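Construct all of the structure, not just a fragment, from the sequences and the given hints.
Okay, here's what each chain looks like letter by letter:
Protein chains: 2
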Amino acid sequence: MTRSWWGWGRTDRALADDECVELAALIPGLPGRPRAVPRLRDLEVPPSRLGPPSSLPLTTDPAVRAAHSYGKAYRDVVRALAGDLGGAPDAVAHPADEDDVVRLLDWAGTAGVVVVPFGGGSSVVGGVEYRGDRPWVSMDLTRLDRVLEIDRVSRAARIQGGALGPVLEEQLRPAGLTLRHFPQSFEFSTLGGWLATRAGGHYATLHTHIDDLVESMRVVTPAGVHESWRLPGSGAGPSPDRLFLGSEGTLGVVTEAWMRLQDRPRWKASASVTFPDMTTATTAVRAISQAGLHPANCRLLDAGEAALSGASTTGECVLVLGVESAAVPVAGRLAELTGLARDAGGSVAGDPVGGAVDAADAIDAAGAIDAAGAIDAAGAIDAAGAWRAAFLRMPYVRDGLARMSAIVETFETACTWDRVDELVATVQAEVGAAVGEVTGAPGLVNCRFTHVYPDGAAPYFTVITAGRPGSEVAMWDDVKTAASEVLGRLGATITHHHAVGRDHRPGYDRQRPEPFAAALRAVKATLDPAGILNPGVLIDPV
Amino acid sequence: MTRSWWGWGRTDRALADDECVELAALIPGLPGRPRAVPRLRDLEVPPSRLGPPSSLPLTTDPAVRAAHSYGKAYRDVVRALAGDLGGAPDAVAHPADEDDVVRLLDWAGTAGVVVVPFGGGSSVVGGVEYRGDRPWVSMDLTRLDRVLEIDRVSRAARIQGGALGPVLEEQLRPAGLTLRHFPQSFEFSTLGGWLATRAGGHYATLHTHIDDLVESMRVVTPAGVHESWRLPGSGAGPSPDRLFLGSEGTLGVVTEAWMRLQDRPRWKASASVTFPDMTTATTAVRAISQAGLHPANCRLLDAGEAALSGASTTGECVLVLGVESAAVPVAGRLAELTGLARDAGGSVAGDPVGGAVDAADAIDAAGAIDAAGAIDAAGAIDAAGAWRAAFLRMPYVRDGLARMSAIVETFETACTWDRVDELVATVQAEVGAAVGEVTGAPGLVNCRFTHVYPDGAAPYFTVITAGRPGSEVAMWDDVKTAASEVLGRLGATITHHHAVGRDHRPGYDRQRPEPFAAALRAVKATLDPAGILNPGVLIDPV
Numbered sequence: 001m002t003r004s005w006w007g008w009g010r011t012d013r014a015l016a017d018d019e020c021v022e023l024a025a026l027i028p029g030l031p032g033r034p035r036a037v038p039r040l041r042d043l044e045v046p047p048s049r050l051g052p053p054s055s056l057p058l059t060t061d062p063a064v065r066a067a068h069s070y071g072k073a074y075r076d077v078v079r080a081l082a083g084d085l086g087g088a089p090d091a092v093a094h095p096a097d098e099d100d101v102v103r104l105l106d107w108a109g110t111a112g113v114v115v116v117p118f119g120g121g122s123s124v125v126g127g128v129e130y131r132g133d134r135p136w137v138s139m140d141l142t143r144l145d146r147v148l149e150i151d152r153v154s155r156a157a158r159i160q161g162g163a164l165g166p167v168l169e170e171q172l173r174p175a176g177l178t179l180r181h182f183p184q185s186f187e188f189s190t191l192g193g194w195l196a197t198r199a200g201g202h203y204a205t206l207h208t209h210i211d212d213l214v215e216s217m218r219v220v221t222p223a224g225v226h227e228s229w230r231l232p233g234s235g236a237g238p239s240p241d242r243l244f245l246g247s248e249g250t251l252g253v254v255t256e257a258w259m260r261l262q263d264r265p266r267w268k269a270s271a272s273v274t275f276p277d278m279t280t281a282t283t284a285v286r287a288i289s290q291a292g293l294h295p296a297n298c299r300l301l302d303a304g305e306a307a308l309s310g311a312s313t314t315g316e317c318v319l320v321l322g323v324e325s326a327a328v329p330v331a332g333r334l335a336e337l338t339g340l341a342r343d344a345g346g347s348v349a350g351d352p353v354g355g356a357v358d359a360a361d362a363i364d365a366a367g368a369i370d371a372a373g374a375i376d377a378a379g380a381i382d383a384a385g386a387w388r389a390a391f392l393r394m395p396y397v398r399d400g401l402a403r404m405s406a407i408v409e410t411f412e413t414a415c416t417w418d419r420v421d422e423l424v425a426t427v428q429a430e431v432g433a434a435v436g437e438v439t440g441a442p443g444l445v446n447c448r449f450t451h452v453y454p455d456g457a458a459p460y461f462t463v464i465t466a467g468r469p470g471s472e473v474a475m476w477d478d479v480k481t482a483a484s485e486v487l488g489r490l491g492a493t494i495t496h497h498h499a500v501g502r503d504h505r506p507g508y509d510r511q512r513p514e515p516f517a518a519a520l521r522a523v524k525a526t527l528d529p530a531g532i533l534n535p536g537v538l539i540d541p542v
Numbered sequence: 001m002t003r004s005w006w007g008w009g010r011t012d013r014a015l016a017d018d019e020c021v022e023l024a025a026l027i028p029g030l031p032g033r034p035r036a037v038p039r040l041r042d043l044e045v046p047p048s049r050l051g052p053p054s055s056l057p058l059t060t061d062p063a064v065r066a067a068h069s070y071g072k073a074y075r076d077v078v079r080a081l082a083g084d085l086g087g088a089p090d091a092v093a094h095p096a097d098e099d100d101v102v103r104l105l106d107w108a109g110t111a112g113v114v115v116v117p118f119g120g121g122s123s124v125v126g127g128v129e130y131r132g133d134r135p136w137v138s139m140d141l142t143r144l145d146r147v148l149e150i151d152r153v154s155r156a157a158r159i160q161g162g163a164l165g166p167v168l169e170e171q172l173r174p175a176g177l178t179l180r181h182f183p184q185s186f187e188f189s190t191l192g193g194w195l196a197t198r199a200g201g202h203y204a205t206l207h208t209h210i211d212d213l214v215e216s217m218r219v220v221t222p223a224g225v226h227e228s229w230r231l232p233g234s235g236a237g238p239s240p241d242r243l244f245l246g247s248e249g250t251l252g253v254v255t256e257a258w259m260r261l262q263d264r265p266r267w268k269a270s271a272s273v274t275f276p277d278m279t280t281a282t283t284a285v286r287a288i289s290q291a292g293l294h295p296a297n298c299r300l301l302d303a304g305e306a307a308l309s310g311a312s313t314t315g316e317c318v319l320v321l322g323v324e325s326a327a328v329p330v331a332g333r334l335a336e337l338t339g340l341a342r343d344a345g346g347s348v349a350g351d352p353v354g355g356a357v358d359a360a361d362a363i364d365a366a367g368a369i370d371a372a373g374a375i376d377a378a379g380a381i382d383a384a385g386a387w388r389a390a391f392l393r394m395p396y397v398r399d400g401l402a403r404m405s406a407i408v409e410t411f412e413t414a415c416t417w418d419r420v421d422e423l424v425a426t427v428q429a430e431v432g433a434a435v436g437e438v439t440g441a442p443g444l445v446n447c448r449f450t451h452v453y454p455d456g457a458a459p460y461f462t463v464i465t466a467g468r469p470g471s472e473v474a475m476w477d478d479v480k481t482a483a484s485e486v487l488g489r490l491g492a493t494i495t496h497h498h499a500v501g502r503d504h505r506p507g508y509d510r511q512r513p514e515p516f517a518a519a520l521r522a523v524k525a526t527l528d529p530a531g532i533l534n535p536g537v538l539i540d541p542v
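Line by line, the protein sequences are chains A and B. Using UniProt numbering, the letters of the first sequence map in sequence onto residues 1 to 542. Using UniProt numbering, the letters of the second sequence map in sequence onto residues 1 to 542.
Hint data in this document are derived by calculation from the structure and do not stem from the laboratory. Be careful, since some hints might not be right.
Pairwise CB distance ranges (calculated) [said to hold, decoys possible]:
1. B:T11 <-> A:L148: 52 to 60 Å
2. A:T313 <-> B:G176: 38 to 46 Å
3. A:P506 <-> B:L490: 28 to 36 Å
Calculated from the model, a selection of chain A residues having no Cβ within reach of chain B, i.e. all distances over 10 Å [unchecked claim]:
4. T2
5. W5
6. V37
7. L50
8. V102
9. R134
10. R143
11. D211
12. E248
13. E437
14. P442
15. N446
16. R512
No experiment lies behind these values; they were computed from the predicted model shown. By construction, the Cβ of each residue, glycine as well, lies at the ideal position given by its N, Cα and C atoms.
Written as structure tokens, this is what we have:
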């Protein structure tokens, strides 16, 4: 496959021009034809300021540098489409092994060159670019892509940090095991990136973040290599790994981790439940989240989101429930879950689907689409299936709409149940108002819950509206500022699983307790004394 | 109740002299009568070196200082019985609120006085004493004992750090909620202590440590008050709370936390399964731990442990399984678990017991014994019941045997499944050999699994042998050194849930990655620049 240099994912999945026009017809006020995608060779990539030592795996090739300029947020795509590559890295490093990583950091520390770790490059928070004035290198880690060791007894594997989702799953498959971490970016993100950003994955409840799947980590810091012991649990001091989980490339480069694996599911079942309104649905999801039944999927779509994805067009909210197990049948568990949903005012739509997954490998094997398809349950064509297909297509749709000058972006958060109703209503009202103010027209602010907890939920919002050609990034930034303000005011986290990067810094600074900020600055000064690692992310550059 | 100043728990539960003699008859080589418990008024408590400002809640009363000299490890009990109070604190502080904590830390920082936070004082790792030369204050936090706020919707409560287990449960009961954290020390330990030491609790699987029950924390550090936001989940940078969880009083004093609560169980069921040997039993427990069924109890006793507790006297290993739920009946879940155990070679002993807990409050309400009784399941008299009673009585038995110069102590660890068989066998062989070498006679080295994970287990060892009067502490220290050496050599953690304190420092230093140690020292210097907080624990005093 060929990765898009300007947009999400694979070039062969990008929307054709007529598809862009067709989709844009649903949003009033957009131009009649898509902006052309610039040819990379026509664009100006600023000259590299580096003459790196020839013994290091560095390239200054302009096309490679261009493809490492940004992550894949809406604002990144728009900037790339506009041909703005002024912030391209001076060089891109492709370390082949951990020694290369050590040598590169040593060189950069001495030379005062900034290093930004780059996994799959799918950051949507400005986590893989650099906004300062120093020469900088994007360190692409995808050559560190091997599963080095599998412990079948403990169901764990030692995996290199640069392995993309499908690459590591392919190597685990012969052992009958899976990491089962399927973020939307699964094809285009790496283990190290997931760990560095505390990525959210397959499980809607219980083990929602990659954090919970970690046994131990190996991290190259400028001050030395950190390697924790492989342990199933420990109470020996503060968890060493938890300091690096979420450190977003500011403290070191994740070169390896021992990860907890799962047997491939043998039974799956899913059901869709509809609710007349979001408040009723939220009460039902809360009851489910507090029942200790731990569904693998528990995804609530509000009416707008259900309509957008094709899960329901009748103005109802849709809850998609999924259960899976490698050990025991799950029909009974699903019945318990739908029973709770029904008790709380839901209508179970049709019969539950599922059963023994005789063709589990067929479901999971065919590549990223199908691996991500496992997010839900057995492959019946129902609301879950419709939503799943839309979920994977959404970033490509966003890119197509961006070419039409639409504004299409998401943001996500989490808060405790006592505040969920107010949060969702307030965000939709205030962000909707901000959209109106910025664009002069109403827009969509849809909501879904991606993950739920006994004590709260993670609402995820999608904004769709018409932008003005040339002003889209500024307009979105204004909307985003309004969104971050309301989240902070209501005590909801600035990010549940998209990470902080550069875009969430103001919200993160507001949320982070000051003694912890001081502690983090002290850690940074200790592990990265030259301040070369991803400066501007999490903490201010020194 | 009256707390014992020298031994575990309540004075009215201590063994009478004739009970001590009766128990000691089972261990060859002990004296014929127990050492007398010294009267506190006959002992010399060194004069206080402090003349504290009268505005602070400090006392220099010798009896109060004596009772805050040690934790409750075997070596603490023996030292107290020997009348050794040379290390008593110069004063004991009893802050009534957070302001008092702030003022005490300010004063201590200025005066260069060491402060050791003290919750219930049940540390078994030397975590609440001080072994240096500076004047020191034991800060007893049990006046901060209130549940300040309950959020019924999110099932969470804001609780002060000094609340003992029964004290906080009593305040949660009217809301129908429970923290459901029942360490063996439940009656004699506090929320703040649990958080500071990453205590292990009720659940044998899944949420094994208090860490998982935390929504947010409020910690007074010498550099300011840390307060994290109440969130059900977040991906915003490294988790702030995880830095303070396990910090063991070295970075700050936990004054409050928002804790996740449970509904009181409505259904419980339990079963006992026997196995011919530990290897077969371990395989079964591994299968159970990897099935995603999350039993509340999954406690494996080896033959020696089963015999000692009265759970079985036929030389078999005993697995106690327990399931509970507030939402759905659990008989089916228990049947799935016993089915897995049977498939792996176990014999299910008798009929499972359990059902709807009509009298759940009766089971849980009557005080600590019954609250801890909830560790297993409904109150049938079976192997689980026998073991449970022994579990709660064990510390008192230890104290009685200590008066007979027996050596009775435990240590615990965790490792991945691939190493569990080797670890258990090697520990039993090498620690058994060390016992023989030190005492000249064989002793018991029993093993149980207290908590299990999909990727490993937490073996817990009990050592019982005859000591020589006057040399017990030195003898135990030699055995413990051998135990720590084998754990470290096999890559098993120095502590799964007893914490590091002072006694586990060498093992912890070996286990902790050096970059993380450097980070922790930097954090310490930032948050506790005068180095007054619990110096010697986790990191060296500055």
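So, going through the hints one by one against the coordinates:
| no. | hint | verdict |
| --- | --- | --- |
| 1 | B:T11 <-> A:L148: 52 to 60 Å | holds (57 Å) |
| 2 | A:T313 <-> B:G176: 38 to 46 Å | holds (41 Å) |
| 3 | A:P506 <-> B:L490: 28 to 36 Å | violated (48 Å) |
| 4 | T2 | holds (30 Å) |
| 5 | W5 | holds (27 Å) |
| 6 | V37 | holds (32 Å) |
| 7 | L50 | holds (27 Å) |
| 8 | V102 | holds (13 Å) |
| 9 | R134 | holds (23 Å) |
| 10 | R143 | holds (24 Å) |
| 11 | D211 | violated (8 Å) |
| 12 | E248 | violated (7 Å) |
| 13 | E437 | holds (27 Å) |
| 14 | P442 | holds (30 Å) |
| 15 | N446 | holds (21 Å) |
| 16 | R512 | violated (7 Å) |
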